[in-house]
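Chain by chain, the residues run as shown.
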Amino acid sequence: MSNVKVVLKKDPAQLRGATFITGFRTIGEVGYLATRHLALKRNMERIGYVVTKYYRDVAFLDEYGLATPFDIFYDNEKHLIVLLNHILPFQREWNDFAASIIKWIKKISINNLILIGALDKRYKMGNENLKWLKTSKCQLSLDYPQLDKQLLMVGPLALFTLHSEIEDLSAIVLLPYADRERTDPAAAATAIEALNKILGLNVSVDELYEEAKRIEEDLQKQMELLQRELARGGADRVYM
Amino acid sequence: MSNVKVVLKKDPAQLRGATFITGFRTIGEVGYLATRHLALKRNMERIGYVVTKYYRDVAFLDEYGLATPFDIFYDNEKHLIVLLNHILPFQREWNDFAASIIKWIKKISINNLILIGALDKRYKMGNENLKWLKTSKCQLSLDYPQLDKQLLMVGPLALFTLHSEIEDLSAIVLLPYADRERTDPAAAATAIEALNKILGLNVSVDELYEEAKRIEEDLQKQMELLQRELARGGADRVYM
Amino acid sequence: MSNVKVVLKKDPAQLRGATFITGFRTIGEVGYLATRHLALKRNMERIGYVVTKYYRDVAFLDEYGLATPFDIFYDNEKHLIVLLNHILPFQREWNDFAASIIKWIKKISINNLILIGALDKRYKMGNENLKWLKTSKCQLSLDYPQLDKQLLMVGPLALFTLHSEIEDLSAIVLLPYADRERTDPAAAATAIEALNKILGLNVSVDELYEEAKRIEEDLQKQMELLQRELARGGADRVYM
Amino acid sequence: MSNVKVVLKKDPAQLRGATFITGFRTIGEVGYLATRHLALKRNMERIGYVVTKYYRDVAFLDEYGLATPFDIFYDNEKHLIVLLNHILPFQREWNDFAASIIKWIKKISINNLILIGALDKRYKMGNENLKWLKTSKCQLSLDYPQLDKQLLMVGPLALFTLHSEIEDLSAIVLLPYADRERTDPAAAATAIEALNKILGLNVSVDELYEEAKRIEEDLQKQMELLQRELARGGADRVYM
Amino acid sequence: MSNVKVVLKKDPAQLRGATFITGFRTIGEVGYLATRHLALKRNMERIGYVVTKYYRDVAFLDEYGLATPFDIFYDNEKHLIVLLNHILPFQREWNDFAASIIKWIKKISINNLILIGALDKRYKMGNENLKWLKTSKCQLSLDYPQLDKQLLMVGPLALFTLHSEIEDLSAIVLLPYADRERTDPAAAATAIEALNKILGLNVSVDELYEEAKRIEEDLQKQMELLQRELARGGADRVYM
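Protein chains in written order, with numbering that gives the first Met the number 0: chain A, 0 to 239; chain B, 0 to 239; chain C, 0 to 239; chain D, 0 to 239; chain E, 0 to 239.
For the record, the hints were derived by calculation from the structure and aren't laboratory data.
Owing to the predicted nature of the structure, the values given are computational and were not obtained by experimental measurement.
Please note that the accuracy of each hint is not assured.
The list cannot tell twin chains apart, which means a pair is met if one copy fits it or any two copies do.
Straight-line Cα separation of at most 30 Å, BS3-like style, residue types lysine-lysine; simulated pairs [as the list claims (entries may be wrong)]:
{"id": "1", "residue 1": "K40", "residue 2": "K102"}
{"id": "2", "residue 1": "K196", "residue 2": "K136"}
{"id": "3", "residue 1": "K212", "residue 2": "K123"}
{"id": "4", "residue 1": "K123", "residue 2": "K105"}
{"id": "5", "residue 1": "K9", "residue 2": "K212"}
{"id": "6", "residue 1": "K8", "residue 2": "K120"}
{"id": "7", "residue 1": "K40", "residue 2": "K196"}
{"id": "8", "residue 1": "K148", "residue 2": "K9"}
{"id": "9", "residue 1": "K106", "residue 2": "K9"}
{"id": "10", "residue 1": "K52", "residue 2": "K102"}
{"id": "11", "residue 1": "K52", "residue 2": "K4"}
{"id": "12", "residue 1": "K212", "residue 2": "K4"}
{"id": "13", "residue 1": "K4", "residue 2": "K106"}
{"id": "14", "residue 1": "K77", "residue 2": "K123"}
{"id": "15", "residue 1": "K9", "residue 2": "K120"}
{"id": "16", "residue 1": "K105", "residue 2": "K9"}
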């Protein structure tokens, strides 16, 4: 039995045929910055949540209200669903997380996914800003070079890609080159530009730089503090 | 299947529409001090217990009798339920604890929660003693500043807040500024004053200082002793 | 589903209304010494066993035959049940152990428990040899001082006490002052004397001292050896 | 639900009333040497297997063919079942292993067990080569001294003994004195001699010495190599 | 309940009587190199996947498209199934992996297995390049020496062998001598030559050397990088 649950506050029938977009706080925080920027700029409505067994005890007020670790947004005009992952799930949950969400996606008749990650820019060799790949069922062609053969994709996005392939879904994976060491809004902007082309959007990238700076200064510092606390094992005390 | 069980010794139908209040032994022990003080001063009747899988082996005599780790009290006059958490649950249980209790709360038709935590006073910037936040369904407005955007709330209280939001319950979170290093009765008093305003109570805060001192000297010392014992792994011995 | 099972070789209907007594190998081994002494002196018949998931691989011949970790005895004349815990269960099993046994006790209509533990004698302040406490449903009064408020009771006995309270059973907890460092037959004798008064028995305490000495020299040394072996992780070897 | 499964390739009805014999690779490897020797000398037919959740990844060709960790043999003439444990199960599986097999033994109407272990010869005090003990239901008497009271028996054999007692089965435990440091074929020979007397067999002990030497040189060296590999955690690598 | 699932995209009835071939990334990567080479040279069609609970987050583009950790291929002409294991499963999953797949193999009426592993060439004593063994139900005879008695076979292939024996399947295990320290295409070539003889194939071994070199330089370096990352515990961070 899955330990990952999707709580939807909207009639799933209305989501049929939508495009599902997500990304994680991995290299350069690109997947997170891009999806958050998209949800905010498009003024998307939150329509649900993902809840997991190892749900992190982190809550905060974001621009749109009280944020939960995995908020689901919907863009009515363009029929888009964005899963915004404020928190990177625990690694032991990654497979369950990806498998359960892909299963839900399939169940509510969504057939298209766009997954946003990043590549370490130290390995960039040509002029391109972005590489991409797709699952077997995807018919699209993009004007970017594909990921090199034998080059490994890792992290939760890799699992979303694997489960999309296994479930015969059409998924595109966008991998802009990004800086590993810090949040990289330029790389997120590259992803937004690719999304604009693929989906016929016109999302501006201006505030991305302030959002990234804000996240780097405030949220990220606190996350680091939180991580040090966790490492100290402070939490298995009878009192805190 | 949940590993958290609510044992109720009262007809749940009589609890409909009550206000549920809880807090934990986190920063400055504020949530614990305030809820314990409220239960004692209002002479509340114990009506139940929460039992968990990783139930701690800690029992003691409190003012009201034999205390269990998570005692549930009821105030008949003001229709209040207080969950008094003498022990901080194990972190691995936090999500199950919060999710199960919120689910129970919803099932017995309680719609209002007041959650009492604290903020580290080293980060206090203005004159206010307390910040607060609320879930989307909450219509109340308080005469205190709201929690800053992007400032993280952590611990079991964060999970109570998240699950309240997800379950469309109305919850207020009170966060007085408190001293991280010791029990902070002044911060607990601030919380009590806010509760008095919100609930139309008139609970005095005088004995809070003695209660806090008592807890600091006696109970807390023993908890520390207990924690050192646990760290030493003394308990997996064939004899003790 | 519980991982703790009571195997009874007697018709449970015959146990209705009996008094259930138990103790553990904790401070001074008092609970164990007292219950073992009681079972042997009263010539009790073994009527069952408790089996757990993390059942220890320890068997030996005791005075009454082949001993299992948790043997259940019955005294027909005085209608007493003694759970003799030769082994301290693994800490991760304590709650399941206590909860399951209390549930079984309730199911077979036993309403009275006497739990035997100990208090560290370094904290003794007056002249009394023993302190005690009781659950809410217990009507008895003993001629000893009650445990101080806010003084913590820990270990498996604390969990038996908590679950007795939660299940509305009448339980007395006897806590003689004992030496932490070694087996303390004098403290066990104090517990036996209290039991004699409460149950109208006349169990002599003479051999307690030899039994304790025997246990200290033989059994305890081997238990220590066993513990060192366990700590060395000797057991996950393909051969031993 | 048990994680231990008996796979039988013979009609269980034909095993009614058989004697079940087993031993483990513990002190001096006595239990293993004796049972393997018995199965080989009596030319027993393999009739089944035990499979566990933490089944070890070890296969090899023994004299009788491809050996699995826990092979079950049958001796038609003397109506004997031998469980040959080439591998010591993981300690966390011991209780499940013993409990499940005892339960299976009871279910197919086997009532007699002979369990072969060993005692550390450093503690030998008299002239006897072997001590023994039995469960309550066993009527046999052997011409060897019984195990001393309060002397602990440990390891998986202790759990087989406990579960035999709990399930009211008749079990004899043979404990020859053996050398802890190496394989001890002399001790295994003592066990074979005792078996010969109890079961009316005439198994010669000559090749025991070569079998032991072979095991010591070949198999044991590899087991040690394997253990070092395991300790190095080599196995959780993406490639090996 | 198994945590290992076979996802088949082909009617299983068409696989009856096929020969199942697999190998792992163990000594010299022989099993992996040989099976991958076979699948590519025979232009096999991917017909399914194995998904596990501890599914690794690794995806990449191989010659045939987007590779998942455990891809299942089919050769229509020769009625062969190849399970290509790009990733070595976590050791705690090995038994479940082997047992579940053997169970599936049996269920879809496949009776023949060829398992490809390797032997450490430091222990080679004669002129032979390969040793082999087979399960009891296998009638084949090969023109190579069998594995020495008492020589241990370990790793996931050992579990496939054990479960094949237990389930009465016919399995051949090919063990070419290989270099432990690096990928060994020569050993993989020996395995391919043996397969050619057994199955009447004519697979050339030329490109094996480039494939191995490619894997050594690219894929293996990344796997090592990945392993260092895992060891650093980078993945349980709130952000990455």
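key: Homomeric proximity label, K40 with K102: Cα distance no greater than 30 Å   = Cα proximity of K40 and K102: one copy only (28 Å, versus 34 Å across).
key: Up to 30 Å CA-CA - K9 versus K105, copy category   = both (17 Å within a copy, 20 Å between copies)
30 Å Cα threshold - placement of K120 relative to K9 = neither (40 Å within a copy, 41 Å between copies)
request  = Measure nothing new, just compare the shortest in-copy and cross-copy C-alpha distances for K196 and K136 to 30 Å and report within, between, both or neither.
outcome  = within (20 Å within a copy, 38 Å between copies)
message = Checking an output row: K77 and K123, CA cutoff 30 Å. Within, between, both or neither?
response = Classified as neither; 33 Å inside a copy, 43 Å across copies.
ask   = Quick one: K52 to K4, C-alpha cut-off 30 Å, is that within a copy, between copies, both, or neither?
value = So K52 and K4 pass the 30 Å test inside a copy (9 Å) and across (17 Å) alike.
request  = Could you figure out if K8 and K120 sit no more than 30 Å apart (CA to CA) within one copy, between two copies, both or neither?
outcome  = neither (39 Å within a copy, 37 Å between copies)
ask   = Given identical chains, is K9 near K212, meaning Cα to Cα at most 30 Å, within a copy, between copies, both, or neither?
value = For K9 and K212, the Cα distance exceeds 30 Å both inside one copy (33 Å) and across copies (51 Å).
ask   = Checking K52 and K102: alpha-carbon separation at most 30 Å within a copy, between copies, both or neither?
value = both (17 Å within a copy, 15 Å between copies)
task = Since the copies are identical, ignore which copy is meant and state whether K212 and K123 lie within 30 Å (CA to CA) inside a copy, between copies, both or neither.
result = This pair counts as both: shortest intra-copy Cα distance 24 Å, inter-copy 23 Å.
message = When Cα atoms must be at most 30 Å apart, do K40 and K196 count as within-copy, between-copy, both, or neither?
response = within (16 Å within a copy, 39 Å between copies)
request  = Have a look at K212 and K4 and pick one of within, between, both or neither, based on CA distance no larger than 30 Å.
outcome  = neither (32 Å within a copy, 44 Å between copies)
Of the numbered hints given earlier, the model fails hints 4, 5, 6, 12, 14 and 15; all others are met.
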